[in-house]
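Q: What follows is the residue order along each chain.
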Amino acid sequence: MLLTLIRRELLDNLMTFRFAAAVFITLLLVVANTVVLLKDYERRLADYNTALKTHQDKLEEYKAYSGYELNIDRPPNPLSIFNTGFDKQLGNQVQVYHAFVPTLWDAQKHGSDNPFLNIFTAIDIIFIFEVILSLIALLFAYDALAGERERGTLRLVLAQQVRRGHILLAKYISSMICLLMPLLVSLLLVMILLTSSRSVSLSPDDFLRIGGIVLTSLAYLSVFYLIGMLISEVSRRTSTALMLSMFVWGFLVLVYPNMILAVTSPSSPPRSQIDSAMNQMEQVWTELDRERKNFLVNDPVPGESIWFGIGASGRSSEYLIQRTSKLNVYLKNILNIGKVNERSESQIPHAQNYFRFVEPRIIGTAEKTWLLRKPRLEDIFVRPAGIDKTLLKLSPIGIYDSATQAWAGTDLNGIRDFFDAARQYRQIVINYFYDKEVFGEQQWFSANPGAVDWSTLPQFSFKRSDSSINMKRALPDVCLLLIINVILFMAIFLIFIRSEV
Amino acid sequence: MWHITKREIYDNLNSLRFALTTVLLLSLMLTNAVRHLREHPKRMQKYNEAVTKSLDGLASHAADSLYMLAQQGPGKLYKKPSSLYFCAEGGEPLLPDTIEGGSPFGYAEHLRGVWKLKYPDANINMKRVGPDVTKVDWAFIIGYVLSLIALLFTFDAFSGERERGTLRLMLANSVPRHTVLIGKFLGALISVSIPFTLAVLVNLLLISTSSAVHLNTEAWGRLGIIFFIALLYTCLFLALGLLISTRVQRSAVSLVILLLVWVTFVVFMPSTLASIASEFSPSLSSEPFWKRRNQIQEELWDKYGRWLWSNEVNEETLTAKSKFFTKDAEAEERLNQERLTEKVAQVQYARAVTRFSPAALLQHLLESFAGTGFERHLQFGENTQRYAHQFREFVADTDRSDPESLHILGVREGMTKKKILPEAVPKFEDTLDFNKDFNARAMELLLLVLFVMVLLSGAYLAFVRVEV
Numbered sequence: 005m006l007l008t009l010i011r012r013e014l015l016d017n018l019m020t021f022r023f024a025a026a027v028f029i030t031l032l033l034v035v036a037n038t039v040v041l042l043k044d045y046e047r048r049l050a051d052y053n054t055a056l057k058t059h060q061d062k063l064e065e066y067k068a069y070s071g072y073e074l075n076i077d078r079p080p081n082p083l084s085i086f087n088t089g090f091d092k093q094l095g096n097q098v099q100v101y102h103a104f105v106p107t108l109w110d111a112q113k114h115g116s117d118n119p120f121l122n123i124f125t126a127i128d129i130i131f132i133f134e135v136i137l138s139l140i141a142l143l144f145a146y147d148a149l150a151g152e153r154e155r156g157t158l159r160l161v162l163a164q165q166v167r168r169g170h171i172l173l174a175k176y177i178s179s180m181i182c183l184l185m186p187l188l189v190s191l192l193l194v195m196i197l198l199t200s201s202r203s204v205s206l207s208p209d210d211f212l213r214i215g216g217i218v219l220t221s222l223a224y225l226s227v228f229y230l231i232g233m234l235i236s237e238v239s240r241r242t243s244t245a246l247m248l249s250m251f252v253w254g255f256l257v258l259v260y261p262n263m264i265l266a267v268t269s270p271s272s273p274p275r276s277q278i279d280s281a282m283n284q285m286e287q288v289w290t291e292l293d294r295e296r297k298n299f300l301v302n303d304p305v306p307g308e309s310i311w312f313g314i315g316a317s318g319r320s321s322e323y324l325i326q327r328t329s330k331l332n333v334y335l336k337n338i339l340n341i342g343k344v345n346e347r348s349e350s351q352i353p354h355a356q357n358y359f360r361f362v363e364p365r366i367i368g369t370a371e372k373t374w375l376l377r378k379p380r381l382e383d384i385f386v387r388p389a390g391i392d393k394t395l396l397k398l399s400p401i402g403i404y405d406s407a408t409q410a411w412a413g414t415d416l417n418g419i420r421d422f423f424d425a426a427r428q429y430r431q432i433v434i435n436y437f438y439d440k441e442v443f444g445e446q447q448w449f450s451a452n453p454g455a456v457d458w459s460t461l462p463q464f465s466f467k468r469s470d471s472s473i474n475m476k477r478a479l480p481d482v483c484l485l486l487i488i489n490v491i492l493f494m495a496i497f498l499i500f501i502r503s504e505v
Numbered sequence: 015m016w017h018i019t020k021r022e023i024y025d026n027l028n029s030l031r032f033a034l035t036t037v038l039l040l041s042l043m044l045t046n047a048v049r050h051l052r053e054h055p056k057r058m059q060k061y062n063e064a065v066t067k068s069l070d071g072l073a074s075h076a077a078d079s080l081y082m083l084a085q086q087g088p089g090k091l092y093k094k095p096s097s098l099y100f101c102a103e104g105g106e107p108l109l110p111d112t113i114e115g116g117s118p119f120g121y122a123e124h125l126r127g128v129w130k131l132k133y134p135d136a137n138i139n140m141k142r143v144g145p146d147v148t149k150v151d152w153a154f155i156i157g158y159v160l161s162l163i164a165l166l167f168t169f170d171a172f173s174g175e176r177e178r179g180t181l182r183l184m185l186a187n188s189v190p191r192h193t194v195l196i197g198k199f200l201g202a203l204i205s206v207s208i209p210f211t212l213a214v215l216v217n218l219l220l221i222s223t224s225s226a227v228h229l230n231t232e233a234w235g236r237l238g239i240i241f242f243i244a245l246l247y248t249c250l251f252l253a254l255g256l257l258i259s260t261r262v263q264r265s266a267v268s269l270v271i272l273l274l275v276w277v278t279f280v281v282f283m284p285s286t287l288a289s290i291a292s293e294f295s296p297s298l299s300s301e302p303f304w305k306r307r308n309q310i311q312e313e314l315w316d317k318y319g320r321w322l323w324s325n326e327v328n329e330e331t332l333t334a335k336s337k338f339f340t341k342d343a344e345a346e347e348r349l350n351q352e353r354l355t356e357k358v359a360q361v362q363y364a365r366a367v368t369r370f371s372p373a374a375l376l377q378h379l380l381e382s383f384a385g386t387g388f389e390r391h392l393q394f395g396e397n398t399q400r401y402a403h404q405f406r407e408f409v410a411d412t413d414r415s416d417p418e419s420l421h422i423l424g425v426r427e428g429m430t431k432k433k434i435l436p437e438a439v440p441k442f443e444d445t446l447d448f449n450k451d452f453n454a455r456a457m458e459l460l461l462l463v464l465f466v467m468v469l470l471s472g473a474y475l476a477f478v479r480v481e482v
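Those protein sequences? They're chains X and S, same order as listed. Numbering-wise (the numbering used here), the first sequence opens with residue 5 and increments by one. Numbering-wise (the numbering used here), the second sequence opens with residue 15 and increments by one.
Some clues are possibly wrong.
[Stated by the list, open to error] Over 10 angstroms on every C-beta distance to chain S, these chain X residues come out as not near it, computed from the model:
1) K57
2) V194
3) R202
4) Q287
5) Q351
6) C483
7) L492
8) F493
[As the list claims (entries may be wrong)] No more than 16 angstroms apart at the CA atoms, straight line, and that leaves these computed lysine to aspartate or glutamate pairs for EDC-like:
9) X:K57 <-> S:D411
10) S:K141 <-> X:E382
11) S:K431 <-> S:D447
Just so you know, the hints here were simulated from the structure itself, not pulled from any lab data. Cβ coordinates follow ideal geometry from the N, Cα and C atoms, glycine included.
Just chain X, same shape as in the assembly (with noise of 0.2 angstroms):
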């Protein structure tokens, strides 16, 4: 019975002018989207590939150890395409500095666009699914038993031996199947053109975490045509239903994400959290200063000069680089000779013993302003970004968004893990450096005895993380899309089998 059902309300669908023209403007959209979004994937990946080149270049520039510029850099996401995230918009180079720990607010961007172009909004294909997809469900739900109650079908169906659950489930399952075909089929023509771009190289992972999107597509789907079908079955007449589904609609999908953060509206972080944060962090470098200027002062060389006295030309500079908007504080010092006269080079000793003495301080206060710096950002930054996020959660858009971003891997924990990554480069880098106790060498500040030789250096290299772990975090919102179909459901079907016909 319930296979008869679902035949004949699939039939019906299937044969209206809403199917088609919901599948013709899905298709158009997202065809044309995923070309636009391929090439500015492209134009991402060749500016990384630049980006990579030029940083090694310039850091086989420096001929001796002090003042190198490491930069690393964060390969675009291919499946920014689904959901562009926090992909494009946060940096995406950052320096790899022994004196600081980099984190998130320390990165820049490479790239050679037009920043101006960013006025305009830029779409993902997540973003065409939300709008569309949910306006078809809507669409294809309001009508399911209001029209039929009109028609007067519905008792005519309900005199036969039917169980109320039944004629639920057979519509349910039909216009799920019904609405599956837009998504499907535009996700195919998205994976055709994807596979035929040269640029793109999908994993084995990758399509693991389509699928998940894939799957909380179906479940945000399915919670707007339940919206729907509640919406229908309160309202007994398709025309009311109509109308109320189409302001529902609105509300969800335009009014309230917009609405619900203009309201909260996203203050600066107090400037006294700041400043105290910034003075805690400058009164340990200020620690490290003392340290330094008594080592000057104690050594056999007059002055607090770090050139002891060396007769040769070059450029030295120490000054701590504060960074209010950062929230970072550190040390610069640089010193950098050219060639020694020989007068001088018994002084060499005593610039090695300074260096051998303030570097592995330096790190050790980098290491004490991060635990610092580390619970600090979180306040200022990244928990106003939760409230927000959690805020836009009361809608469905917001669940869907969060979910699909988590199984892109743009989301903030995607990006994180690049920094994450840099961090621990960075203690490879601080490492290696231990391991040929370039501190205490003259190559640390002259090129003397020889330019460095920076292939030995180990090279970064950055993997997204397992799909397993994209799960994990696209998990919760997923989760709530299910409990928020279950819910409605269990209320249409109490309210069903409850009503008169």
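Following the hints, complete the assembly by docking chain S onto the known chain X.
A: Okay, now just chain S, sitting in the frame of chain X:
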């Protein structure tokens, strides 16, 4: 005809959609007003503080000497926030709010060039890790919500009556068809305008009664035009709704078509067209810029370099120094400007392409009349250029009025040593030009009117020929 209009209005006033529309528009407009009242004073305060700081710097340079003024320039020039910010945000947070008129290049110690204009890039917020800051400005309320509502009011205008059979009845009377159409159109227009006007009134009442925000007469004039544009835009969607409704037998089908058209043209078209246009424009790398900059500087060094290090005070050395400084600054300013022009051209091309979508047209119009957005940013740039010219004239004129001076600008020894009054120095005031806005937007306004005309006549033709 009035009879039909009246009947339509009565019909609509009692309907569910009217109530929902009123609630929706009112809540949106209230949010908008509250947000503006909270944010605008902060914006103004920031602007005023920045301007005061920049003027203080200017006064201290002026008090020092004319040379300092000629070297340091007017300092940072700030874009004045529009008091109609709530009408259209127009990507304002992304656009820089300042253009720098200062930063003389230091070639070496005691060897400093003269100031030039520098245009900062768009400021992408790389520190923000939360969801996108979205906006509830009038452009959003009108462009998205009001247009959707206009469709919801007209999708069943004819198809609904046809389904119920009342269309037959009405046309059986001796009423010309166009009267029915116009009556329906006016009825829908008035019933949409009622909640919209109410919401706008509440919004403006809140904003204008607050002491923190001041709206002058010109702002009210601009608001009037914005309101008129909003009605025109509503007419467009009403006409579209009527057109589809006459051609389609069932109102459900009519709504499906309308919604899909709406989603395509309003939600997706602007961004999709813009990204297509911007993806296919060449990427701008900064390398050629720096190459040319270095090349010019080298040429200048070759030409004037040998005088730069001498401390002699004779006319030849001073003239050479002055020429080097001014030419270098001029060249850099010109290069800066060229680079900006390239970027602007890309954005303008993308904006022009989006005009296919009425929502983008509305966005552009509202931005212009609210004094925000990209066009306004360009106007600000022009203002600063005009001011830069005025400032340089002032320096030259003041120097010329002193007979003892050598009239060699850009070097201390070549310029007048007379005191200058800080008050006499021209100050930068960012202004909005209403006529210019109107002229620049006339084309887009015309396009919008044309859209409405075409759709209305389409609806008329369709209705006249349709079988009932």
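Q: Indicate, hint by hint, whether the structure satisfies it.
A: Okay, the hints, checked on the actual structure:
1. Under the 10 angstroms C-beta cut-off, the non-interface status given to K57 of chain X relative to chain S holds; the minimum distance is some 13 angstroms.
2. Remark: the non-interface label on V194 of chain X is consistent with the geometry, its nearest Cβ contact in chain S lying 15 angstroms away (cut-off 10 angstroms).
3. For R202 of chain X, the requirement that its beta carbon stay farther than 10 angstroms from each beta carbon of chain S is met, with the minimum near 17 angstroms.
4. Every Cβ of chain S is farther than 10 angstroms from the Cβ of Q287 of chain X; the closest lies at roughly 24 angstroms, confirming the non-interface assignment.
5. Residue placement check: Q351 of chain X keeps its beta carbon more than 10 angstroms from all beta carbons of chain S (closest about 27 angstroms).
6. Residue placement check: C483 of chain X keeps its beta carbon more than 10 angstroms from all beta carbons of chain S (closest about 20 angstroms).
7. Distance check for L492 of chain X against chain S: the nearest CB is about 21 angstroms away, which clears 10 angstroms, and the non-interface claim stands.
8. Under the 10 angstroms C-beta cut-off, the non-interface status given to F493 of chain X relative to chain S holds; the minimum distance is some 24 angstroms.
9. The suggested pairing of K57 of chain X with D411 of chain S is violated, with an alpha-carbon distance near 52 angstroms, which exceeds 16 angstroms.
10. For the given pair, K141 of chain S sits about 12 angstroms from E382 of chain X by alpha-carbon distance, which is consistent with the 16 angstroms threshold.
11. Among the hinted pairs, K431 of chain S with D447 of chain S is inconsistent with the structure: their alpha-carbon atoms are about 38 angstroms apart, more than 16 angstroms.
Hint compliance for this structure: hints 9 and 11 are not met, and every other hint is.
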